[in-house]
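Asks: From first to last, the protein sequence lines are chains A, B, C, D, E and F.
168 is the number of the first residue of the first sequence in my numbering; add one for each residue after it.
168 is the number of the first residue of the second sequence in my numbering; add one for each residue after it.
168 is the number of the first residue of the third sequence in my numbering; add one for each residue after it.
168 is the number of the first residue of the fourth sequence in my numbering; add one for each residue after it.
168 is the number of the first residue of the fifth sequence in my numbering; add one for each residue after it.
168 is the number of the first residue of the sixth sequence in my numbering; add one for each residue after it.
Treat the hints with care, since some could be wrong.
Which copy is meant is left open, so a pair is good if it fits within one copy or across any two.
Using 25 Å as the maximum straight-line C-alpha spacing, the simulated SDA-like pairs for lysine to any residue come out as follows [said to hold, decoys possible]: (1) Lys-364 - Ala-341; (2) Lys-364 - Asp-186; (3) Lys-364 - Glu-466; (4) Lys-364 - Ala-175; (5) Lys-364 - Glu-226; (6) Lys-364 - Leu-430; (7) Lys-364 - Gly-317; (8) Lys-364 - Ile-475; (9) Lys-364 - Glu-254; (10) Lys-364 - Gly-242; (11) Lys-364 - Ala-376; (12) Lys-364 - Asp-233; (13) Lys-364 - His-401; (14) Lys-364 - Glu-474; (15) Lys-364 - Gly-388; (16) Lys-364 - Gly-231; (17) Lys-364 - Thr-473.
Hints listed in this document are in silico derivations from the structure and should not be mistaken for laboratory results.
Treat the numbers as computed from the prediction; the structure is a model and nothing was measured.
Number of protein chains: 6
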Amino acid sequence: MLRLSAPAPQRLEQAVALDVQVGGSEANVAAAMARLGLRTAFVSAFPAQHVWGDRAVRELAGHGVDCSRVLRPAGGRMGLYFLEYAEAPRPVRVTYDRRDSAFSQLQPEAVDWSIVRQARLVHLSGITPALGAGPMGVVRRALAEAAAAGVPVSFDVNYRSRLWTPAQARAFLAEALPALAYLFVGADDAATVFGLKGAPDDVLRGLRALAPRAAILLTLGEEGSAVLAGDTVHRPSRRYRVTVVDRVGAGDAFAAGFLWATLGGQPVGAALDAATALAALKCTVWGDVALVSRAELEELLATDSTEIRR
Amino acid sequence: MLRLSAPAPQRLEQAVALDVQVGGSEANVAAAMARLGLRTAFVSAFPAQHVWGDRAVRELAGHGVDCSRVLRPAGGRMGLYFLEYAEAPRPVRVTYDRRDSAFSQLQPEAVDWSIVRQARLVHLSGITPALGAGPMGVVRRALAEAAAAGVPVSFDVNYRSRLWTPAQARAFLAEALPALAYLFVGADDAATVFGLKGAPDDVLRGLRALAPRAAILLTLGEEGSAVLAGDTVHRPSRRYRVTVVDRVGAGDAFAAGFLWATLGGQPVGAALDAATALAALKCTVWGDVALVSRAELEELLATDSTEIRR
Amino acid sequence: MLRLSAPAPQRLEQAVALDVQVGGSEANVAAAMARLGLRTAFVSAFPAQHVWGDRAVRELAGHGVDCSRVLRPAGGRMGLYFLEYAEAPRPVRVTYDRRDSAFSQLQPEAVDWSIVRQARLVHLSGITPALGAGPMGVVRRALAEAAAAGVPVSFDVNYRSRLWTPAQARAFLAEALPALAYLFVGADDAATVFGLKGAPDDVLRGLRALAPRAAILLTLGEEGSAVLAGDTVHRPSRRYRVTVVDRVGAGDAFAAGFLWATLGGQPVGAALDAATALAALKCTVWGDVALVSRAELEELLATDSTEIRR
Amino acid sequence: MLRLSAPAPQRLEQAVALDVQVGGSEANVAAAMARLGLRTAFVSAFPAQHVWGDRAVRELAGHGVDCSRVLRPAGGRMGLYFLEYAEAPRPVRVTYDRRDSAFSQLQPEAVDWSIVRQARLVHLSGITPALGAGPMGVVRRALAEAAAAGVPVSFDVNYRSRLWTPAQARAFLAEALPALAYLFVGADDAATVFGLKGAPDDVLRGLRALAPRAAILLTLGEEGSAVLAGDTVHRPSRRYRVTVVDRVGAGDAFAAGFLWATLGGQPVGAALDAATALAALKCTVWGDVALVSRAELEELLATDSTEIRR
Amino acid sequence: MLRLSAPAPQRLEQAVALDVQVGGSEANVAAAMARLGLRTAFVSAFPAQHVWGDRAVRELAGHGVDCSRVLRPAGGRMGLYFLEYAEAPRPVRVTYDRRDSAFSQLQPEAVDWSIVRQARLVHLSGITPALGAGPMGVVRRALAEAAAAGVPVSFDVNYRSRLWTPAQARAFLAEALPALAYLFVGADDAATVFGLKGAPDDVLRGLRALAPRAAILLTLGEEGSAVLAGDTVHRPSRRYRVTVVDRVGAGDAFAAGFLWATLGGQPVGAALDAATALAALKCTVWGDVALVSRAELEELLATDSTEIRR
Amino acid sequence: MLRLSAPAPQRLEQAVALDVQVGGSEANVAAAMARLGLRTAFVSAFPAQHVWGDRAVRELAGHGVDCSRVLRPAGGRMGLYFLEYAEAPRPVRVTYDRRDSAFSQLQPEAVDWSIVRQARLVHLSGITPALGAGPMGVVRRALAEAAAAGVPVSFDVNYRSRLWTPAQARAFLAEALPALAYLFVGADDAATVFGLKGAPDDVLRGLRALAPRAAILLTLGEEGSAVLAGDTVHRPSRRYRVTVVDRVGAGDAFAAGFLWATLGGQPVGAALDAATALAALKCTVWGDVALVSRAELEELLATDSTEIRR
């Protein structure tokens, strides 16, 4: 998607110029992981011969994402979102404008699914099935292809109340969750979609019933996060004092950090720390994408110096 | 509409920020005329409780346009357009993104037509009927209301090839043109839609057959303009050396200048001069709207000094 | 007034561009109240045929303020102020430049006082009488007109030490305070002008002697505020954690929030909460005016969620 | 003065930020000459302990101007001007706001006139005596001091119609002109103030009667310039094709170029060429001051290559 | 290289911010050709673990250039250049700062020369051998590898007087020219390096003696260009009226346009037209790289309409 | 040096423009002290006829620094540094690019050492001897000249690990420290270079053995600072709550504040308070230099009001 944001601390109504960036949940995860050094391919659809479609490809390719599977159908719109950042107590506001986007019209038949069979992991977002019948079919097919190929699947719930109801989301997720290897969900979505509230351990165990095979990562806002792997709940070994510049995309960075460490063979506790650190670094960057290198992530994991690096 | 433009001379693909302005053909005419001192009301539809809808109302109201008839239906999009300015030989590019806009879904029944009966003039654009059945019905109804009330109608052809074919446009215009009091058309549209090419006088006489009662204003790009009023063709008494900053909206300023002078009782030649001067001034302003006061327009009409005004 | 500010965190001495906005205590109150949905008219004077006078009218009209009573005398200056924002421990600095402004030369005879008789409330600022004999006469006349028409008067002390001495202020306020329905005063001004220091309740009771009929609103900086209504002191039911972007105009927003709620029939405690919330939201906006809608204010009063609104 | 300008091509009414620069006729001449390598001192008055007064001193000192004679009286304003640049046919507009400026209140007694006795040249502007009795006294005293010390005086007419009438200007100039060594005047001012119109040679000879001892430099807008020295009229040996970025201050650069070359011992024709070249270079710079080094000026005088300098 | 430029029309001395872009002759050619759809690989050296080296790779990859052969040695600098744009008569100035750059220390042994054997064309710049013994060795080796593999070589003279003398350049070029398939040279360089002046045909025939097998492309500044292919001199079939935004990189775009058309099988005259058109489009873009798509280039070659594209 | 920084909160990799400022440790101290009213001369070397060298001189002169001793050798580079600001937990990063800078090639013979004999204090930085043999010779010579003239020397350790090893630094400092009157050192440098860790008092007493005659100022990051004068350790009487905008240069401001107060005759405790206050104010300014006036510093020392100054 194209992200158009009022330069903080301006309100959209007073902005005379909007910052232009490329974002979107899956793209953010892909870009972050490619930057950390993993081979990463992105499957999506942008309008053909369209300046913003071209730009999205260019930026993702610049981060090292393989965009050769991005479809470029004629005639669709580019999905947009308008972002108004805010300091407390004013809330950050996102106004989506993605009706009729090329991506919302994507059909499963249009995708070259061989990509799944070459992958070590497939990552999916819960926004996609909420966008329409086509994208829901794409997710279903991806799950089926991954199952057939024995490729583990990661899924981020990302519930969006403007797109579907909790009941609709719950119904779809009932299909998807049983097979997942990694499930990412925010505490607020756990409450809204599944009615699971309370202490993190209780929520995690409630989710375990739905996703019996997954490592389940629960994000808790300012309270950090927790992961249930097997029967064990892990908490991050370290919390960061973060001065937030832009928290949009922090959840995507969290997922990318966890998956990067996991694919690199790190144990679940270390992966949770990597997730926490990458999310913290993302919050210091203006834009959806965690503009972070592997060296920077590893440096933060290794030190707590706040000295100027000269 | 919301106009999102790359700051010149940037290309959209390299822009990190887009200038935000409000534009659109009828809005431009309304704003320009209100600024020149005429009481002006605007009929349109913007999405309800939407930052860009609110902003469009605020800006037009700031220019003095009465926006109390602007409908604010729930749920629609705000029409957008992306503008990439360019120096020769690179062409200026406009990418519209107005599918499903609130305006494109406007129905004639939603409008309070009493506004027509209070007006001295109704101005319409040929873009509107091309946007869909609803807007076409709005234009038809406006024509009918004006005819019933004996209010003269002004119409700017503004042919847009992405919205309809010349044959479709011609068919609709066959309904509208006979009753018009003022017809604005560019030479290129005269050729494309009506097949009328050649010397301005010939084109004007060709148009006379279609709009027998109208003063017909033909704009000729760098060649200026001509108006056929009754049997007489007038040309502007003066041409300006213009350093173009932004020519988007120049046609709307031309119409506004002509109508302002005409409603002020000036003869057709003087009105053509006012149209020419306002269009020239508009070309020096970044944005769709002719940010010009009555005093400035009259000053330009009265002098050719290029001295710094101190 | 025209507000020219160095973009934070720059110092004025290093600024290569100054942000241009419209501000001023009464204008801020008027704009905020119009945005919240009240019919609001503004009485002031801006120089005629002057770009900044025109702009001030345009912006206020855009917020919905009726500017038809704004006088436009020939020849005066537009009052300016230069603002240098700062992070602690450097203080924010305001350099006024309003000598000979059109407003400072306003005479009571020039105003059409029928506006008072149509109003449900008249709001005045203590800056006005400090600007000169003319503005002081305007305030005196407004008080008299309101008294004659039985319209309640709200007054914000806003003591400015560069304009008059505490003794001069005290002398004038001795005239104004007895009749007031609403009195706004900061704790520092209470100390400087009236010598009233100490616990909020004590200061309020000291002020009660001066303004026996008013609800007295005392603002306490980071300590919040208190209101004495009748014999009861109310404190806000909620405090906000505010990351301050710009606190200039927060007092005006506080007044606007209180008066909006009061005119809407809310009890004094709820009105104090509205005042507190609107002031908090104002502090997140760059510029003097609280760019806040009624929906946003009511949302903040109803929830304490800090989630991104999508 | 402080120059606040809308970034071209914006109109002031749409500007959200104003460029901040330091300017003013005499300051421009002083800065340009100091940059070309001459020892230059500036006599003026800026308000004490005032951010813009401090900044003006800092910038002029940065150009190499000795500001030790700039007075810093308490309490005055800093003169301002608002500049709106424009492309043809819209005129450039300057709105002065210098009422009550510290400079307009300068008295001749306040100046340390020993500076004149140390100078090789005194340069004065016709704006100064138009600002009030004090500044007029300053100019009179400067003329008298220069006469007493045998120091040649240069004077730029710079007629400003908002400050005084042609008759007032003519009366004052009748005092000043007879003793001048160098007189700069624009063709439009020659017409307005002295009623001298027509061919440059005729105007120059008309001015000769008023300034019998001066080299008289007549600027002709796009037609270039001419100088009458003794009985001979010189024209520049070269004209430049100039793409004008900002012509405010071009006249001051013209004067600076001529005086620099003259003080460097160049003959009048070469000095006119230097004046022409420096004015042309100034027109390519945004801001009042000719940001040009001696090497750059000499390079332009020596070559007509338009190649990129690498 | 990193290009740091004052935003036009500012001078470097007054710039408070410098535009950051990636440029350099060979990179510009590679990026332009990749954008036009050709598979393009770039051989260079950027410092390892260096923000600007990473960025250069990211941007070039975004344009579609294969950067897998770019070396990233430890410890070098990133070459920089400071650009000051200017309007006439002020010259554009480039200040290079590439001493000790990673590229200037590149050695031929470090390059994987298999890339040459996979190529349809090798393009080289005359700047490279002027940077030091290492880069000169790289060019020699590239010529030898291309000769061995039978791959045609294109060479752009790009003489830089700060890096070597005409005699040094001439000596090196005596080695390189005989084998070239395409030689690009500016008329000024032909004069400076080879002493060849006069009519384009004469210069071309003088160059023919040096490069007997090459198509020789002579660029003539505002006079366009000419190509000698075999015995025939071709001139472009069309000249463009160009409003120049930035002419840095125009020569690289010219080369890229010619080579793109040639590799696409077009005859020499059509290739010269493509070169001319791409150079003209480049001049409308701020930055070194011709941000032009194949569709845009072909559109310009096919039409001379200056209408707004909607 | 030229400081090129990404506008916060941007990363360098995403910056499209870099802020341009002048900085460097000794320049920062000199500028801050000149602004506080002391006569200050700067000894350095900038490349001749170079835009950044000229600009550095202009800015320093604007602050009141006497730059007549700054050498301008032909041919060198201007030292640069790239700054990426960051919010926690991302570290601020400085990338130096000063290889072959004019300053790094400065030789002691080139300096006019009479300046030392006219001074009341000589301030040196530990960066200088790390830049090469020439600069190390300059520092040695300055120490010898000061010793000969009986002028006290101040020295800031400023250890830079990219320039030399702790052992190299220690060896050089063994020469310099015994004679110092004032020694500034950060706690981290004390640990790295001298192996002195632990409680501030212990570190200070460890340093006393190395610098037996100096007042030793130890900075402790967020823990403030301490000074050992004679046998007494002083701590600041006040700590400030600082919202950090830019902490680069805070150490230089600390030194400037201490030396300014000391040269003004204040006792060591008061001087430490001045150092603390100036460092705090510096942290609120974007740029290396403490843009603070004497009045502002004294105001902060005298009050803790956070009110808006109107």
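Asks: Should Lys-364 paired with Asp-233 be assigned to within, between, both, or neither, using CA atoms and 25 Å as the limit?
Replies: Answer is neither: 39 Å inside a copy and 50 Å across each miss the 25 Å cutoff.
Asks: Could you place Lys-364 and Glu-226 in one of the four classes (within, between, both, neither) given a Cα distance threshold of 25 Å?
Replies: neither (39 Å within a copy, 46 Å between copies)
Asks: When no copy is named, should Lys-364 and Gly-231 be tagged within, between, both, or neither for a Cα gap of at most 25 Å?
Replies: Result: close neither inside a copy nor across copies, 39 Å intra and 44 Å inter.
Asks: Within a copy, between copies, both or neither: which one fits Lys-364 and Glu-474 at a CA-CA cutoff of 25 Å?
Replies: For Lys-364 and Glu-474, only the inter-copy Cα distance (16 Å) is at most 25 Å; the intra-copy one is 40 Å.
Asks: Is it within, between, both or neither when you check Lys-364 against Asp-186 at 25 Å Cα-Cα?
Replies: neither (37 Å within a copy, 44 Å between copies)
Asks: As a check of your reading, is Lys-364 near Gly-317 (CA-CA no more than 25 Å) within one copy, between copies, both or neither?
Replies: neither (33 Å within a copy, 56 Å between copies)
Asks: Using 25 Å as the alpha-carbon threshold, which applies to Lys-364 and Ala-341: within, between, both, or neither?
Replies: within (19 Å within a copy, 59 Å between copies)
Asks: Is it within, between, both or neither when you check Lys-364 against Ala-175 at 25 Å Cα-Cα?
Replies: Classified as neither; 33 Å inside a copy, 39 Å across copies.
Asks: Are the CA atoms of Lys-364 and Glu-466 at most 25 Å apart within a copy, between copies, both, or neither?
Replies: between (35 Å within a copy, 23 Å between copies)
Asks: At most 25 Å between alpha carbons: which applies to Lys-364 and Ile-475, within, between, both or neither?
Replies: Answer is between; shortest inter-copy Cα gap is 19 Å, intra-copy 42 Å.
Asks: For Lys-364 and Ala-376, with the copy left unspecified, which applies at a CA distance of at most 25 Å: within, between, both, or neither?
Replies: within (15 Å within a copy, 54 Å between copies)
Asks: With 25 Å as the alpha-carbon cut-off, assign the pair Lys-364 and Thr-473 to within, between, both or neither.
Replies: between (36 Å within a copy, 18 Å between copies)
Checked against the numbered hints above, the structure breaks hints 2, 4, 5, 6, 7, 9, 10, 12 and 16 and satisfies the rest.
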